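Participant: Produce the entire structure from the sequences given, and follow the hints as far as they go.
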Amino acid sequence: MTKTTVSGRKQPLMYRLPVISHFRTSVGLQRGMLVTGLVLTLAFLLTAAFAPLIAPYGFAQLSDAAGTFPAQQPPSPAHIWGTTVGGYDVFSRVIWGAQTAFVVIVVAVVMSIFLGVALGLLSGYFGGWLDRTLVVIADAIYAFPSLLLAIVMSIVISHGQSSFWGGIVACSIAISVVFVPQYFRVIRAETIRLKAEPYVESAKVVGASSARIMGRHIFKNATRTLPLIFTLNASEAILTLAGLGFLGFGIEPSSAAEWGFDLNKAIADASSGIWWTGVYPGTAIVLTVLGLTLVGESINDLNDPRLRGRKKAVAGKGGPDSTGAARTAPDTAAPEIEARLP
Amino acid sequence: MTTNIDTPGTGAGPVLDIDRLKVTFATDAGDVYAVKDVSLEVNPGEVVAIVGESGSGKTVTAKTILGLLPETATSQGAVLINGNNVISVSEAKLREIRGRDVAMVFQEPSTALNPVYTVGWQIAEGIRAHAGSGGGKVSAKDAKVRAIEALRKVGIPDPETRVNYYPHQFSGGQKQRVVIAAALALNPGLIVADEPTTALDVTVQAEILELLRDLRDNYGTSIVLITHNMGVVADLADRVVVMYQGDVVEEAPARALFAQPKEDYTKKLLAAVPHLGRNSASAGMVERAHQGGKVLVEAKNLTIEYPGRLGSPAFKAVDGVSFTVSEGEVFGLVGESGSGKTTIGRAIAGLNRTTGGSLKVLGYEMLNYKERTFKPLRKEIGFVFQDPAASFNPQLTIGDCVAEPLIIHANPSAAEARKRVGELLESVQLPASYADRFPHELSGGQRQRASLARALILNPKLLIADEPTSALDVSVQAVVLELFKEIQQEFGFAALFISHDLAVVDMLSHWVGVLYKGKMVEQGLGNQVMGNPQHDYTRKLIASLPVPDPDEQARRREAFRAVLHS
Chain A
0 MTKTTVSGRK QPLMYRLPVI SHFRTSVGLQ RGMLVTGLVL TLAFLLTAAF
50 APLIAPYGFA QLSDAAGTFP AQQPPSPAHI WGTTVGGYDV FSRVIWGAQT
100 AFVVIVVAVV MSIFLGVALG LLSGYFGGWL DRTLVVIADA IYAFPSLLLA
150 IVMSIVISHG QSSFWGGIVA CSIAISVVFV PQYFRVIRAE TIRLKAEPYV
200 ESAKVVGASS ARIMGRHIFK NATRTLPLIF TLNASEAILT LAGLGFLGFG
250 IEPSSAAEWG FDLNKAIADA SSGIWWTGVY PGTAIVLTVL GLTLVGESIN
300 DLNDPRLRGR KKAVAGKGGP DSTGAARTAP DTAAPEIEAR LP
Chain B
0 MTTNIDTPGT GAGPVLDIDR LKVTFATDAG DVYAVKDVSL EVNPGEVVAI
50 VGESGSGKTV TAKTILGLLP ETATSQGAVL INGNNVISVS EAKLREIRGR
100 DVAMVFQEPS TALNPVYTVG WQIAEGIRAH AGSGGGKVSA KDAKVRAIEA
150 LRKVGIPDPE TRVNYYPHQF SGGQKQRVVI AAALALNPGL IVADEPTTAL
200 DVTVQAEILE LLRDLRDNYG TSIVLITHNM GVVADLADRV VVMYQGDVVE
250 EAPARALFAQ PKEDYTKKLL AAVPHLGRNS ASAGMVERAH QGGKVLVEAK
300 NLTIEYPGRL GSPAFKAVDG VSFTVSEGEV FGLVGESGSG KTTIGRAIAG
350 LNRTTGGSLK VLGYEMLNYK ERTFKPLRKE IGFVFQDPAA SFNPQLTIGD
400 CVAEPLIIHA NPSAAEARKR VGELLESVQL PASYADRFPH ELSGGQRQRA
450 SLARALILNP KLLIADEPTS ALDVSVQAVV LELFKEIQQE FGFAALFISH
500 DLAVVDMLSH WVGVLYKGKM VEQGLGNQVM GNPQHDYTRK LIASLPVPDP
550 DEQARRREAF RAVLHS
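Chains as they are written, first to last, in numbering that gives the first Met the number 0: chain A, 0 to 341; chain B, 0 to 565.
These are calculated hints, taken from the structure and not from any lab test.
These numbers come from a predicted model, not from an experiment.
Using N, Cα and C, we set each Cβ at its ideal position, and we do this for glycine too.
Wrong hints could be hidden among the right ones.
[Unchecked claim] Pulled a few chain B residues facing chain A out of the computed Cβ check, cut under 8 Å:
1. A348
2. L350
3. K374
4. F382
5. D386
6. A389
7. S390
8. F391
9. N392
10. P393
11. Q394
12. E403
13. P404
14. I407
15. H408
Facilitator: Set out below in C-alpha cells:
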C-alpha cells in the first residue's frame with residue numbers, strides 16, 4: 000500500500016470503493032463493529048435474493064399437498080418456526096419479508112436520493128429566494144412526525160390498501176417524502192461550504208458555467224457522505240415500513256410478506272403464550288436495522304481521521320527507507336532545490 | 000513581583016536537554032519517522048532557534064518538550080527538563096512541569112485564547128492550577144494580582160483594566176502578548192515558542208520579537224524558538240539548530256551560521272531567502288517601463304465596501320485607490336493583512352463587486368459588472384491562488400484541471416487539449432506525464448507551478464497572482480519566483496502581483512504600490528520605494544522587515560526603534 004502511494008499511482012478501483020476501503024483502514028473494535036454489521040447486512044441481502052429457494056412455502060400459502068396448514072402451531076419439523084393465527088408459515092413469511100424490505104429500501108432511497116441531491120445542489124449553489132423557499136419546505140416536513148406523514152401519504156396514494164407494487168410504491172413514496180429533506184440538507188450544506196473553496200472560485204475565474212461548476216466541481220466532492228446517509232436511511236426505511244405495517248397501512252398479507260404487519264397480528268398471541276409469531280419477525284427487524292446501523296456508524300467513524308483507530312507505531316523499527324507517504328512531499332521537493340539553486 | 004516559585008534555570012546545568020529523541024507516527028500509509036535522531040541542549044538565558052522547512056520535524060520536537068504529542072505518536076530517547084524526563088513521567092507529574100518549568104507560545108494567538116473567558120481568567124487558570132507558596136490553593140484574588148503583573152511584564156498598557164477584557168477586544172499583536180503573559184505567569188525557566196510571529200504582520204512581528212528579547216534580557220528566560228523565517232532567527236537567536244527531514248543538519252552560534260554555513264543544505268536554505276534590495280526586478284530603472292502599451296487595468300478612485308451588519312456602517316476595504324497596469328508590466332501590490340490588497344485582486348477578476356469610483360479591466364467597466372457580458376474577457380485573465388493545495392479540484396487529474404480553461408473557451412479535441420497541457424507543463428518545468436497525477440500527489444511547489452500553467456494556458460494578457468508563494472517553503476518559493484520571472488519575460492503578460500512580503504514583491508515587480516488600510520499610500524519604482532520610502536508607513540514597514548544577517552539586523556533594529564519613536 001505504501002509503495003503504490005509513493006509511486007504516485009492511484010490505488011486499484013476495488014480498494015477505493017466505500018465499504019472495502021473502510022474495511023482496510025479499520026482496526027480493533029471498529030473493525031469488529033464493521034464486520035458484524037457487514038455480516039448481518041449480507042445475511043439480509045442474501046435472504047432477500049434467495050427467498051424463493053430458502054422459504055419452504057410461499058408467503059401467502061395456506062395449504063400444501065398434506066392439506067391446510069393448522070393455525071397457531073408451535074414450531075415443528077413441518078413448520079420450523081410455527082404458524083400464525085391465519086395459518087401462514089412464520090419462517091416463510093420472515094424470509095419473504097426480507098425481499099419486501101429490500102425492494103422498499105431501494106425504491107425509497109433511489110427516489111429520494113436523486114431529488115434530494117439535485118435540489119440540494121441547486122439550492123446551495125444559487126441561494127437567494129429558491130434556497131429560502133426550499134429550506135422552509137424542508138423544515139416544515141421535518142416538523143411533522145415522520146410516521147404520521149408516511150401514514151398520510153400512504154392514504155393519499157393508495158387509500159391505505161393495495162397490491163404488491165402499489166403497496167411498495169406507496170410505502171416508498173411515503174418514506175422518501177421524509178428522506179428528501181435529509182439528502183437536500185446534507186448536500187446543500189456541503190455545496191455552500193464547497194462554493195467558497197478556491198478551486199470553485201478558480202473555475203469561476205476561468206469562466207465555467209454554473210452547470211459545469213455544479214456538475215464537475217461540486218457534485219463529486221459533495222457526495223462523499225452519501226454512503227453513510229444511505230446506510231442509516233436504509234435502517235430508518237425498514238423501521239418506517241414496519242411501523243406502517245404495524246399500524247395497518249402496509250401491504251396486504253396476500254400481496255407480500257411484511258414484518259410489521261405480522262407483528263401487528265401477533266399482538267393478541269403474545270398474551271396467550273404464543274411467542275413464535277412475534278419473536279421471529281421482530282428479531283428480523285432488529286437484526287437488519289442493527290446490521291445497517293453498525294455499517295453506517297462504522298463508516299462514519301472511519302471517515303473521520305480523529306475517530307479512526309490505528310495500530311500503534313513500532314518505535315525504532317524500520318529505517319529511513321520505510322518512511323511512508325507523508326514523506327512524498329519533502330522528497331520530491333528536495334530535487335527541486337538541487338536542480339534550481341546554484 | 001511574587002518570588003515564591005523557585006526559578007529554575009539559574010543553576011549551572013542546561014534547562015533543557017534532549018538526548019537522541021525519536022518520534023514515530025502511525026498513519027494510514029504506515030509509520031512515519033517524524034524525528035529520527037535529535038539531540039540538543041538549551042542553557043539558561045539562551046535563545047535557541049530550531050529552523051527547518053515543513054516536514055523537518057521542528058514542531059514535533061517542540062511539542063515533545065511539553066508532552067503534547069497525539070496518541071498516534073511513539074517517542075524514544077530522553078527530554079530532560081530539570082531532571083524530569085518528559086517522555087517517561089506520569090501524566091500528573093507532566094501537568095506539574097507544564098507551566099511551572101516550561102510553557103508554550105502558540106502560532107495563532109486568536110485560536111490559542113478561549114473567546115468566552117476574560118484574558119485575566121485565562122492567565123489565572125494556569126496560576127491556580129499549581130499550588131501556591133504554602134502548598135495550598137492560590138486564591139482567585141492573588142491569581143488576578145499575578146495576572147495583572149504578567150500583563151504588565153509583556154507591555155499591555157493599563158493592565159488593571161485590561162485584565163477583565165475578552166480576547167476579541169485585543170489586536171492580533173496584543174493577543175500574542177497575552178499568550179506570552181500566560182506562558183510567563185509562573186516564571187518558567189523555558190518558553191517554547193512555535194512560530195510565534197508567523198500569523199502576525201511584519202510590523203507587529205518586530206514588536207513581539209522585541210518583547211521576547213526583553214524577557215530574555217530582564218528575566219533570564221530561555222527560549223526555544225521554532226520558525227521557518229531566517230530573518231526572525233537572525234534577529235533573536237543565539238544558537239541555531241537546522242533540521243531537515245527529522246535530523247539535525249547543522250548546529251552553530253547564530254553569527255557563525257549566517258556568516259559561514261558549513262552544510263550544503265544550510266547554504267541552499269540561506270541562499271533561497273529573499274533579501275530586500277538584492278535581485279530587484281527594477282534594479283537600474285529610473286522611469287516606469289512599459290508605458291507605451293495599452294493600459295489593461297485602470298482604477299480611478301476605486302472604492303470597495305463590504306455591507307455592514309444591521310445598524311453598523313459598511314466596511315470600506317478599499318478606499319479611493321487609483322493605479323494603472325499596462326501591457327507587459329508587473330505591478331506589485333504590498334500591504335499587511337486588512338489592507339485591501341486581496342480585495343483589489345479579486346475585484347479585477349470579477350470575484351468581488353466594486354461599489355464606487357471606476358475600475359476598467361481590459362476596457363470593461365467593473366461597476367456595471369454582469370457575469371454574462373464579462374465572460375468573454377475571462378480568457379484574457381489568469382489567476383493564481385494563494386493555496387495551491389486548495390485551488391485544485393481533488394477529484395480531477397492535474398491534466399484535467401490545467402485544461403479546464405481551454406475546454407471552456409476553445410472547445411478543443413481531447414488530443415489537442417492533451418498536447419497543449421503537455422506544452423504548458425513543460426514550460427513550467429514539470430514533466431508532461433504529471434498530467435495523469437492527482438493534485439495530492441504533487442508537492443506544494445509543483446502544485447503551484449501547475450496552477451501557473453492553468454492560468455497561462457489561454458495565453459492571457461493579464462495575470463493576477465494573489466500571494467502565490469506564501470504557502471510554500473522558502474527554498475520552493477525561490478524556485479517558483481525564479482520561474483515566474485522567466486515565464487513573465489517569455490510570455491510577456493502583464494501581472495498584478497499581490498504579496499505581504501516586500502522582498503518577494505521587489506524581486507518581481509517593476510512598479511510597486513503600498514496599501515495601508517484600504518488606501519494607496521505610496522507607489523513608485525520598486526527600487527525607489529524600497530530604497531527611499533517617502534511615506535511614514537512604508538518606512539515603518541521596511542524597517543520592521545528582519546533580514547537574514549544578525550549584524551545587519553542589529554543595525555536595522557536600531558533604525559526601527561528610531562522610526563517608531565520619531
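Participant: Given N392/B as an interface hint, is its Cβ closer than 8 Å to any Cβ of chain A?
Facilitator: This interface hint holds because 5 Å falls under the 8 Å limit.
Participant: Min Cβ distance, F391/B to chain A: is it shorter than 8 Å?
Facilitator: Result: holds, 6 Å to nearest chain A Cβ.
Participant: When the nearest CB of chain A is found for I407/B, is that gap smaller than 8 Å?
Facilitator: holds (5 Å)
Participant: Return the status of the interface hint for A348/B: holds when the least beta-carbon distance to chain A is below 8 Å, violated otherwise.
Facilitator: With a closest approach of 5 Å, the A348/B hint holds.
Participant: Would the hint on F382/B stand, with a C-beta cut-off of 8 Å toward chain A?
Facilitator: At about 4 Å, which falls below the 8 Å cut-off, the nearest Cβ of chain A leaves the hint on F382/B intact, so it holds.
Participant: Close enough to count: is the Cβ of Q394/B nearer than 8 Å to one in chain A?
Facilitator: At about 4 Å, which falls below the 8 Å cut-off, the nearest Cβ of chain A leaves the hint on Q394/B intact, so it holds.
Participant: How about P393/B: closest beta carbon in chain A under 8 Å, or not?
Facilitator: Interface hint status for P393/B: holds (7 Å vs cutoff 8 Å).
Participant: For the restraint on S390/B, tell me whether the closest CB of chain A is nearer than 8 Å.
Facilitator: holds (4 Å)
Participant: Does the CB of E403/B sit less than 8 Å away from some CB of chain A?
Facilitator: Holds, about 6 Å.
Participant: Hint validation: L350/B versus chain A, beta carbon distance must be below 8 Å. Holds or violated?
Facilitator: holds (6 Å)
Participant: Does the nearest C-beta of chain A fall within a distance shorter than 8 Å of the C-beta of K374/B?
Facilitator: holds (5 Å)
Participant: Hold the hint about H408/B up to the distance rule: shortest CB distance to chain A must be less than 8 Å.
Facilitator: holds (6 Å)
Violated hints for the displayed structure: none, as all numbered hints are satisfied.
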